[in-house]
Amino acid sequence: MAPSDDFPISRRGLLAGGAASVATAAVARPAMAEAAPSRAPASPPTAKVDFEVNGTAHSLELDTRTTLLDALREHLRLTGTKKGCDHGQCGACTVLVDGRRINSCLSLAVQHDGDRITTIEGLGQPGNLHPMQEAFVVHDGYQCGYCTPGQICSAVAVLDEIKAGIPSHVTADLSVAPAVTPRELRERMSGNICRCGAYSNIVDAIVDAAGVKA
Amino acid sequence: MKSFTYERVDTPAAATAAFARTPGARFIAGGTNLLDLMKLEIETPSHLIDVSRLKLDTIEPTSDGGLRIGAMVRNTDLAADARIRRDYGLVSRALVAGASGQLRNKATTAGNLLQRTRCPYFYDTNQPCNKRQPGSGCAAIGGFSRLHAVVGASEACIATHPSDMAVAMQALDATVETVDKAGKARRIALADFYRAPGSTPHLETALAPGELITAVTLPKPVGGTHIYHKVRDRASYAFALVSVGVVVQPDGSGRVALGGVGYKPWRVKAADAELPRGAKAVTSALLAGAKTSHENAYKLPLVERTLAGVLAQAKG
Chain Y
1 MAPSDDFPIS RRGLLAGGAA SVATAAVARP AMAEAAPSRA PASPPTAKVD
51 FEVNGTAHSL ELDTRTTLLD ALREHLRLTG TKKGCDHGQC GACTVLVDGR
101 RINSCLSLAV QHDGDRITTI EGLGQPGNLH PMQEAFVVHD GYQCGYCTPG
151 QICSAVAVLD EIKAGIPSHV TADLSVAPAV TPRELRERMS GNICRCGAYS
201 NIVDAIVDAA GVKA
Chain R
1 MKSFTYERVD TPAAATAAFA RTPGARFIAG GTNLLDLMKL EIETPSHLID
51 VSRLKLDTIE PTSDGGLRIG AMVRNTDLAA DARIRRDYGL VSRALVAGAS
101 GQLRNKATTA GNLLQRTRCP YFYDTNQPCN KRQPGSGCAA IGGFSRLHAV
151 VGASEACIAT HPSDMAVAMQ ALDATVETVD KAGKARRIAL ADFYRAPGST
201 PHLETALAPG ELITAVTLPK PVGGTHIYHK VRDRASYAFA LVSVGVVVQP
251 DGSGRVALGG VGYKPWRVKA ADAELPRGAK AVTSALLAGA KTSHENAYKL
301 PLVERTLAGV LAQAKG
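Chains as they are written, first to last, in full-length UniProt numbering: chain Y, 1 to 214; chain R, 1 to 316.
Honestly, I wouldn't trust all of these hints.
[Claimed, not checked] Simulated pairs of lysine-lysine, PhoX-like, Cα-Cα distance not exceeding 20 Å:
1. Y:83 x R:39
2. R:55 x R:184
3. R:220 x R:269
4. R:291 x Y:48
5. R:280 x R:291
6. R:269 x R:280
Simulated from the structure, these hints should not be mistaken for laboratory data.
The structure displayed is predicted, hence computed values, not measured ones.
Could you build all of it, start to finish, from the sequences and the hints given here?
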């Protein structure tokens with residue numbers, strides 16, 4: 001997969017190019033050894049999906065196996081959303097679909113026809129950061145930064161969930177609206193793992209952003 | 001992942017008709033468990049029927065004073081529903097004790113019931129597993145078994161059912177509503193929904209191939225104090241080692257169900273009757289005939305102590 005023109009050469013692009021060369025060398029040998037023409041494998045089933053990502057409409061024809069995460073990263077080149085475990089255990093792939101946070105790795109892209117998707121790129125950009133992005137910078141809510149896009153998308157949704165009165169495991173009274181407290185935030189953010197251990201600064205950032213919003 | 005064809009349907013009738021046309025198909029809704037298993041090629045459907053947009057996403061009152069929860073109601077929405085929080089607190093509590101916020105936003109009521117075991121040997125395709133590959137054996141028996149069943153297991157399988165919500169539903173006498181390939185509707189008590197593993201642990205529920213869950217109904221509210229206590233290896237986002245769900249009335253009577261101990265949410269009517277006599281008596285009735293390994297024997301005293309704590313909390 002060569003980098004597209006609007007995608008500057010990066011370490012990631014170089015690695016992808018290197019992997020492609022290796023793959024070519026590996027398949028070339030059996031083809032040369034056999035005299036008979038090799039038969040191309042049947043192409044996998046595809047399906048069409050139309051959705052809106054960060055305010056822009058997209059129409060894609062995808063291998064049905066494509067996850068929403070891979071559609072965003074590999075087809076739309078929105079690489080802010082990260083692939084961590086690819087099994088819904090780490091939260092690095094968290095995006096907002098119609099305002100609700102989900103693990104984009106555990107969702108098929110073709111199931112999102114008509115949906116409105118927001119990724120970290122859509123929340124804000126350098127020079128025009130979302131208050132949550134700003135707060136993560138101010139409070140140093142990261143170290144390596146790999147989990148950060150997922151943490152921020154998740155955190156934005158968490159504040160909306162609290163505002164909507166959705167209870168959590170640590171909500172003491174189901175008949176009382178939950179509040180923005182560090183305890184509530186820690187519980188609600190448990191689907192986002194940070195292996196650098198920036199958790200305390202992440203909680204500080206979310207508390208700060210919640211104040212900004214209020 | 002094996003390749004598959006895909007279609008989206010708008011009605012339960014279209015869903016079951018699509019299944020009848022395409023052998024090897026699976027229904028997909030939230031997909032948080034199915035897609036994960038497809039990535040590992042533990043599930044290999046040749047066709048997916050997307051039922052996530054079926055208009056089964058509402059919670060309606062029933063004629064007998066209960067609630068009918070549409071199969072597609074998301075876990076988050078069910079936990080947050082004002083009637084569920086007020087009258088069926090056990091369901092809210094169990095739901096928010098499970099998974100993560102992201103997963104609860106996607107996972108559906110029917111899918112939660114149908115999620116498959118998290119037995120590590122079921123997930124590891126290099127290991128024998130009678131549930132994944134009938135007849136291949138069970139690597140959990142004699143293996144790493146601290147997470148496994150202590151009641152209801154067989155020589156073929158000692159897997160547990162991972163759902164928290166189902167434990168609450170079981171304590172509240174929920175009923176599963178379905179429609180089959182011929183369009184015929186039926187109701188299955190949740191108590192009769194999960195099949196004992198026996199020699200066929202790959203057959204997990206009473207559903208026939210192509211039968212679709214349309215709703216889960218709860219009978220009219222039973223009042224009382226609702227408590228769900230989940231014991232796990234970390235404070236959040238982990239499956240239960242054991243969990244205890246109770247509804248306790250002011251006179252000390254009530255009902256109790258356990259998670260993390262068997263192939264289904266574990267409830268024994270005779271154990272309910274022991275509630276006024278305390279945790280030891282209840283646990284003896286619940287876990288009579290338990291079979292443990294040296295790795296999961298801890299679950300027996302853990303159930304009793306968790307239940308003792310819960311009953312003390314219910315007294316206030």
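Checked hints:
no., hint, in the structure
1, Y:83 x R:39, "holds (14 Å)"
2, R:55 x R:184, "holds (18 Å)"
3, R:220 x R:269, "holds (19 Å)"
4, R:291 x Y:48, "violated (52 Å)"
5, R:280 x R:291, "holds (18 Å)"
6, R:269 x R:280, "holds (16 Å)"
Hint compliance for this structure: hint 4 is the single one not met.
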